[in-house]
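Asker: Generate the whole structure from the sequences, applying the supplied hints.
Residue strings, one per chain:
There are 2 protein chains.
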Amino acid sequence: MTSAPDLHNLFYPRSIAVVGSSTKRGFVWSSGNAYINGCIKQSFHGKIFPVHPSADYILGYKCYRTIRDIRGDIDLVIFCVPASAVLDVMDACAEKKVKFVHLLTAGFTETGRASDAEVEKKLVEKARMAGIRIVGPNCMGLYCPEGGLSWNSEMPDKIGKIGMFSQSGQLATMSVASGASEGLFFSKVVSFGNASDLKAHDYLNYMAEDPKIEIIVAYLEGLTEGRAFFDAAKKISALKPLVVWKGGQTEGGARATQSHTAAMAGSFHVWQSMCRQAGIIPVNSMEEMIYTISAVKRLSLPRGSNIAVLGGAGGGGVTMTDHAEKAGLHVPHLSEKSIAKLQEVIPLEGSSVRNPLDILPHLRSRENFQKLMELLKEDPHIDALFFALHLGFIYRDAGRVGVNYFVRIMTKLQEWLEKPIYLILETFGDAQLFALRREVEETLVAHKTAVFPSFEIAAGVMKRLLDYSEYKTMN
Amino acid sequence: MTSAPDLHNLFYPRSIAVVGSSTKRGFVWSSGNAYINGCIKQSFHGKIFPVHPSADYILGYKCYRTIRDIRGDIDLVIFCVPASAVLDVMDACAEKKVKFVHLLTAGFTETGRASDAEVEKKLVEKARMAGIRIVGPNCMGLYCPEGGLSWNSEMPDKIGKIGMFSQSGQLATMSVASGASEGLFFSKVVSFGNASDLKAHDYLNYMAEDPKIEIIVAYLEGLTEGRAFFDAAKKISALKPLVVWKGGQTEGGARATQSHTAAMAGSFHVWQSMCRQAGIIPVNSMEEMIYTISAVKRLSLPRGSNIAVLGGAGGGGVTMTDHAEKAGLHVPHLSEKSIAKLQEVIPLEGSSVRNPLDILPHLRSRENFQKLMELLKEDPHIDALFFALHLGFIYRDAGRVGVNYFVRIMTKLQEWLEKPIYLILETFGDAQLFALRREVEETLVAHKTAVFPSFEIAAGVMKRLLDYSEYKTMN
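Chains as they are written, first to last, in my numbering: chain A, 6 to 480; chain B, 6 to 480.
The reader is advised that the hints may include incorrect statements.
If several chains are the same, the list does not tell them apart, and a pair holds so long as it fits within one copy or across any two.
Calculated pairs, SDA-like style, for lysine to any residue (alpha carbon to alpha carbon, straight line, at most 25 Å) [as the list claims (entries may be wrong)]:
(1) 131 with 279
(2) 101 with 340
(3) 346 with 378
(4) 166 with 50
(5) 331 with 290
(6) 468 with 274
(7) 29 with 400
(8) 468 with 243
(9) 166 with 433
(10) 346 with 118
(11) 126 with 380
(12) 376 with 11
(13) 331 with 459
(14) 126 with 378
(15) 424 with 471
(16) 331 with 293
Simulated from the structure, these hints should not be mistaken for laboratory data.
Answerer: So, in structure tokens, the structure goes:
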């Protein structure tokens with residue numbers, strides 16, 4: 006296993022030069038100004054040096070003609086220049102003894118043209134000679150709110166404990182945005198595109214040792230050094246959860262990874278088997294990724310696959326059970342004792358106290374609700390509770406006061422029950438309820454209560470956590 | 006094949022008696038008042054007779070002690086009484102020569118008690134003797150805005166062209182609510198629970214002949230007369246699309262159907278094979294159901310499985326392609342001609358003009374967008390366009406004006422392109438954008454443009470429509 010490279014000054018640079026800044030107003034595609042704006046938004050405390058062939062000042066910062074003209078050390082140089090210019094800029098970086106470079110610049114191996122691939126190869130050679138490490142090329146680069154870095158001014162400045170390395174800048178950006186709206190924030194994100202120098206396992210090893218990161222997430226298209234990655238993953242996954250989304254799972258997808266990051270996607274079947282052996286938590290979509298992170302962060306790992314399904318009425322119970330069992334969970338009958346106790350208070354007509362539990366109308370009574378929770382807590386047949394509720398039912402019944410009351414109960418219940426609760430709040434396309442859900446969610450997640458948008462997503466997440474839990478027990 | 010029963014006076018009754026109305030204020034669980042409120046909301050034009058043991062008036066309507074006291078004919082009697090009372094009420098219905106009864110009442114075969122099953126059997130016998138047809142028992146019954154019927158006052162009063170029969174009242178209610186927020190409205194819905202008399206194939210045959218219904222949808226848990234159903238389906242599906250969601254696909258789900266509607270779910274494998282042979286369009290969740298209906302209603306059937314994927318950037322292109330190919334679609338390279346033409350205007354760096362198309366930033370130019378659409382229209386490799394867009398990108402770039410402009414273009418494009426467009430508008434958990442999306446959607450769907458919430462859903466829908474299209478060609 007390769008050791009962790011020292012990337013401290015990459016995520017916490019003391020000075021940044023941005024080559025390819027622009028004097029144009031507003032948004033300029035592929036200009037370096039977005040990075041300067043990102044630093045401003047993230048309260049970067051070091052020095053910023055825009056590089057421009059003729060301008061004196063950009064965004065109020067003194068400009069330099071070339072890297073060579075900058076006085077003092079430069080930890081990080083961000084390349085926002087055409088591919089034809091990168092070798093010259095790299096020469097200047099070498100002379101200036103720059104530590105790290107990141108290339109937004111695209112147009113290398115991924116174009117499929119031999120001459121473009123040749124430039125990428127030369128770039129790496131020059132960097133190796135000069136002891137410079139490269140992020141990219143063909144990527145958004147670095148987001149680290151604590152280090153004052155971002156690739157635009159729209160990323161949140163709140164510091165979290167998630168680390169992410171992603172071959173796609175788009176999916177990294179979406180992960181941060183989607184995460185933020187679920188109360189999930191990041192310590193460090195690196196979008197690393199073609200990975201011609203620093204590779205997935207380098208970022209993984211660094212994040213594994215970073216005490217500020219508790220959960221590691223990755224979007225990968227292909228690995229040039231797969232062995233190093235899986236060796237590292239195997240060592241790390243039992244200590245820090247490692248959630249990975251693999252792009253290029255299909256024939257068409259694999260073709261697309263070549264055009265995107267020049268990645269050879271490889272056999273997805275082999276990939277899956279490697280993930281299992283390395284304790285990686287696999288996900289296959291943005292939703293799966295975000296809600297898996299939420300559950301890893303907020304819920305205790307499940308001790309078994311048996312769930313109680315509460316919510317909806319009869320049809321909902323049937324279809325939720327289908328979703329659960331298709332995901333690999335089980336919906337067993339409650340224990341004889343639980344059934345007998347519930348039958349004391351809940352009529353047989355129009356209800357079911359077996360499992361799925363079709364008893365929602367009877368839970369308007371606080372005593373009934375409490376009794377059910379006590380039974381579920383004790384019931385040896387049940388490892389977790391899936392509670393699916395249409396937010397409109399509470400809101401229309403009991404208004405905002407009722408919703409607040411429900412939220413208070415749920416935040417307390419999670420800890421008391423000692424079994425994970427997968428709370429599903431449905432809003433069925435209603436924009437007003439959706440906004441209410443977002444509000445409610447903020448309070449819930451602040452109390453370590455995970456909220457899911459659909460039963461299918463929740464069931465898939467629990468299955469993944471169950472597999473991870475079993476891996477941890479075995480390893 | 007059994008012929009269609011005459012259910013006209015069931016959906017368009019001239020008079021309704023509600024046995025089990027309540028004098029209590031507000032919402033009363035399992036009382037008949039919800040049906041009276043439903044009739045009021047739906048502007049029912051016939052006579053309403055509440056039946057109550059002592060009240061003189063309920064909701065302003067004159068009350069009757071029993072069915073027998075009502076003067077004149079009664080087309081439909083709604084039972085909202087305990088199971089212990091239903092045989093007596095049925096006797097009265099027989100004396101009054103009632104045409105149809107519907108039982109909200111539960112507590113029959115589905116409880117698992119032999120005595121309860123016996124009552125259901127006797128109920129059916131009495132009805133047969135008297136020539137009365139039964140909806141249910143253990144169900145919400147009828148929603149038909151044109152006939153003035155609904156099981157509560159919250160269902161929309163807008164009349165549409167979808168017919169639905171569902172063994173679950175909850176899923177029927179959710180379908181109507183979710184449908185409404187996607188601009189999909191219903192002509193007739195029947196929630197028919199235990200189906201002890203009128204069965205799935207009766208409703209299917211009736212809806213097949215109803216000229217007011219263009220698309221038929223069903224949620225089913227089990228069929229007691231499967232042969233009659235599939236024979237009918239086979240005859241109907243090529244003429245009217247028939248979308249079916251089967252509950253009880255798994256072991257646990259099948260156990261739940263027994264507690265719910267006393268249905269024997271049967272082998273799901275056999276079910277799937279029967280659906281294929283009968284040209285049924287199968288769905289497995291509320292989202293799949295709603296968006297399949299939307300596509301059936303709004304998009305032309307696909308001529309092949311090859312799609313162009315437009316939207317997002319590189320990572321999005323890769324993962325969307327994965328989703329498409331996993332769903333059974335294909336993302337081939339565009340034709341040589343298309344690629345060459347696109348390369349004339351779009352730089353190779355940071356883009357891909359193969360397929361998936363990673364060229365979104367270059368489509369800010371109207372000329373480029375038009376050129377792309379012309380190429381896609383002509384390209385023999387492409388059967389449909391998947392266009393995925395984060396609504397925030399347009400909104401932040403060009404504000405509401407830009408969004409409106411985009412909507413205008415999309416509504417025109419659908420017809421002009423002559424290939425179905427699967428438009429995916431993403432909002433990534435942003436409540437404000439979600440509300441904007443709902444607004445935008447109203448305009449789009451009014452112009453026969455289908456909008457999908459995620460790429461996965463859209464890909465699954467197109468695959469289903471492709472299978473259906475192939476079935477129609479063969480049959």
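Asker: It remains to establish, for every hint, whether it holds in the given structure.
Answerer: Hints and how they fare:
1. 131 with 279: neither (34 Å within a copy, 65 Å between copies)
2. 101 with 340: neither (72 Å within a copy, 48 Å between copies)
3. 346 with 378: within (12 Å within a copy, 65 Å between copies)
4. 166 with 50: Within one copy only: 21 Å inside, 63 Å across.
5. 331 with 290: Both. Shortest intra-copy (18 Å) and inter-copy (12 Å) distances satisfy the 25 Å Cα cut-off.
6. 468 with 274: The answer is both: 19 Å in one copy and 23 Å across copies each meet 25 Å.
7. 29 with 400: between (50 Å within a copy, 22 Å between copies)
8. 468 with 243: within (17 Å within a copy, 39 Å between copies)
9. 166 with 433: Cα proximity of residue 166 and residue 433: across copies only (21 Å, versus 32 Å in one copy).
10. 346 with 118: between (72 Å within a copy, 18 Å between copies)
11. 126 with 380: Intra 65 Å, inter 35 Å, cutoff 25 Å: neither.
12. 376 with 11: Neither: 55 Å inside a copy, 48 Å across copies.
13. 331 with 459: both (15 Å within a copy, 21 Å between copies)
14. 126 with 378: Classified as neither: same-chain Cα gap 62 Å, cross-chain 37 Å, threshold 25 Å.
15. 424 with 471: within (13 Å within a copy, 44 Å between copies)
16. 331 with 293: both (16 Å within a copy, 16 Å between copies)
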